[in-house]
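Chain by chain, the residues:
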Amino acid sequence: MTNPSVMDRIGPAWRAAAGTDMSRRRFIKLTGASGLAIGLVSAGAAGAATPKAGAAKLKPGQQPGAFVHIDPKGVVTIQINRLEFGQGSHTGLARILADELDADWNSVRAELAPAGEAYKDPAFGLQMTGGSNSIQNSFTQYRELGARARAMLIEAAARKWKVDAATVRTRAGQLIAADGRSAGYGEMSEAAMALPVPASVTLKKSSEFRLIGKPANRLDSADKSTGRQTFGIDMRRPGMKTVLIARPPHFGGTVAGFDAAQAQAVKGVDSAMQVELDRGATGVAVVADGFWPAHMGREKLKVQWKAPAELADSRKLDQQFGALRGRDGLPARAGDLSGMAGAKKTIKADFRFPFLAHAPMEPLNAVIEMSGTGDGRRCDIWTGTQFQTIDQVTVAKVLQLKPQQVNIHTMFAGGGFGRRATPTADYLADTARVMKAWLAAGRSEPLKVVWTREDDIRGGYYRPLTLHRAEIGLGDDGRIAAWKHTIVSPSILKGTPFEAFLVKDGVDATAVEGVADTAYDLPIAVSVHHPAVNVPMLWWRSVGHTHSAFVMETLIDRIAREAGRDPVALRRDLLKKHPRHLAALDLAVRKSGYGTKSLPAGRAWGTAVHESFRSVVAHVVELSIEDEAPKLHRVTSAIHCNLAVNPRSVEAQIEGAVLMAIGTTIDGSEITLRDGVVEQSNFDSYAMPRMPDMPPVDVHIVPSGDPPTGVGEPGLPPLAPAMANAIFAITGKPVEALPIRL
Amino acid sequence: MANFKVNGRSVKADVDDSTPLLWVLRDSLNLTGTKYGCGVAQCGACTVHLDGQPVRSCVTPVADVEGASVVTIEQIGSGRIGQAVQKAWVEKDVPQCGYCQSGQVMSAVALLRDNATPGDADIDEAMEGNICRCGTYGRIRAAIKAAAANLN
Ligand code: FES
Ligand code: FES
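Chains A and B supply the protein sequences, listed in that same order. Using the working numbering, read the first sequence as starting at 254 and increasing by one per residue. Using the working numbering, read the second sequence as starting at 5 and increasing by one per residue.
Be careful, since some hints might not be right.
[Claimed, not checked] With the C-beta cut set under 7 Å, the calculated list includes, among others, these residues of chain B facing chain A: (1) 47; (2) 90; (3) 100; (4) 102.
Hints were generated in silico from the structure; no laboratory data involved. Backbone N, C-alpha and C define an ideal beta-carbon position, used for all residues, glycine too.
Next comes chain A alone, as it looks inside the complex (with noise of 0.2 Å):
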């Protein structure tokens, strides 16, 4: 491994600062449930998680700490411990644990787990969706809740039938005998569950495994083409009321005063009430009976505003970074540049990055409900989160509650990006502030915030927007004699409970990395700005190498230009330390037909290479320009991401990724703010990238039987730069911004 995502260094820097050591979580049986159910939870918390003799039997999702649940009719129940927004870790850990349990694939089904100790990450000590991390960091573990779950199934059966457990063997679901008899999991699965947990299991070897490694249509195709998947937006509880909420046009503004009189006045609205928001920001929630009389109400609504003092501006942004970058910033790689002297040609280029908002299709939502007094006071939350126990502890301070007394219900996400992975836990913050101003109005009816697209699109959170600049000298034998390196990019991470692990001497992590960790061999000195901006910042796909994969790539094909070399030759002799990268970028160059195939005229190739999240993506793209823009007429890709437990999800992965990054290319997508506010609101002034932008993507993946590394981000990151590298060999122009412009 040679350069390890940020998000790998959270985990344990993260585990030790909250005092959680995941390897005291035990294996336990939970005894409410019918049939087998068994889970982890951490070592102080057993006695929470053992329901009371006669109490109602409880669901696996009911049960703090179940993953696996054998029902008597062998139906198996896995709890899914991310959230499922796209990426299939839903039904990829499902068959990882399956595939350990030997359980039979058509019996299984899989259910997101709520908010609870037993489901953080377990490198983490966080419970989150992110970092490409679902399957890397639940591999082992999903598998020991299998192989556990089959070792007492096998027992309980060697008890009945009076043979040694050694001869009992497994299939599909089926306990089988050497004498030929046989039984379903279901039938044991009381008898298993009278059983202790074993301490230790041995895992299957890789070449045993049945499920893992083998392509497998996803659990929630059919509900999801035919409209029966439920959606957080999806939710309704009884009495429920619509929120919408009027937020301030400038991030961080506050409310002087509102006339709610023609709000009122829409048929179904209930009432308007002034509300606490993210950022100490203040606006006004409108309640009604569903989302139209809401919006009505809003619109109908008379507020006057009173701005922050500092409104950001992307002109003054532009000039403000663009200076910067002439200064040397911290340190963030120290590199000998004394070649730089001696430099024979010298390559000079400054890159720009815009703001970026995610633009999940499921806008953001959550229900909240309150019930209960006292110490039976809870409050109940359904939304689709990538960082359920951050919400918790957020909410429970927003309600003064104490964070076991909110139940956070992962729903499944239309997408999410990051966006759902807020420290600030911002919407769900925002959802518990409009609670508490109804509760204080008098009022109990459980709410439902919606935001709508423009909401979305205005609300913040973007990808900061960042510029590079590179000087390179080179030798006379076109060898890369010196490289300085200059970033500025807004810390998203300062201020968070992420600064302490990721920012170290002032850097932030995220916007360095892919350039001050890059795998080539090279002379690069590395400083970075972080400039101070009043607009909220986030990761966003794939994170810091959104930008940096593209200059790095980008700039390798301008040195082998310079120094007449062919580019996929000069980036193997840069990696030649690193075999999975060379791996990965050799298989799309032969799938792809480099260097053997002739193009038609008018059309070049392009390749970029890029490590992130600990798996190596090679894209090679045949491109033309037509009606002064890209076209993109095919996409090769490889990704080394070690085993592949679910290839057709890998695929997925890649392609999906492949066309968010043509997204970022395309005119429009682009985030700009004047005097403080935001330009865009709609997918009308925010281009989304369309099925006439999508190429054919072909995707390869390198065979491996090592452990799992990263699938939903590392395709994202070499495309961009893929496309720019064909355009530069078709117009000789290198093309140094996002979006592209020709």
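Given chain A, put chain B with the ligands in place with the hints provided.
Just chain B with the ligands now, kept in the frame of chain A:
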């Protein structure tokens, strides 16, 4: 007040005439398979069939559907084309997050109703109004072709 049919059932919507059909389906009738993505006819997530034609329900005032017949994702699978499309969707493992897919299926069914053998350009044209943020376009294209082949 508007009277119309949804999935073969007569319904009365006691809402303001300006209310988009989308919110009548989702909030009044609890037919939540039809999705909200933009509210301004830009994304196609809310696509339903109105007297057999695909429309964006987010910009269709309920007053305009008086007396009409609406079919949603909840019912489209009962028809021959709808069934073939949904089957192809599952076989090609199209959905990722799935949020756009109700609208994608509705647009695809409308395309195949008009054109039994759509080529790439036909697919581009018919599906361009449906955004998929997850990037399932390639599989959608393959699934439409597979459904067409199955139907012919
Ligand atoms: S919600 Fe109707 S087109 Fe987007
Ligand atoms: S599957 Fe997620 S938006 Fe299409």
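Checked hints:
no. : hint : result
1   : 47   : holds, 6 Å
2   : 90   : holds, 5 Å
3   : 100  : holds, 4 Å
4   : 102  : holds, 3 Å
Of the numbered hints stated above, none is contradicted by the structure.
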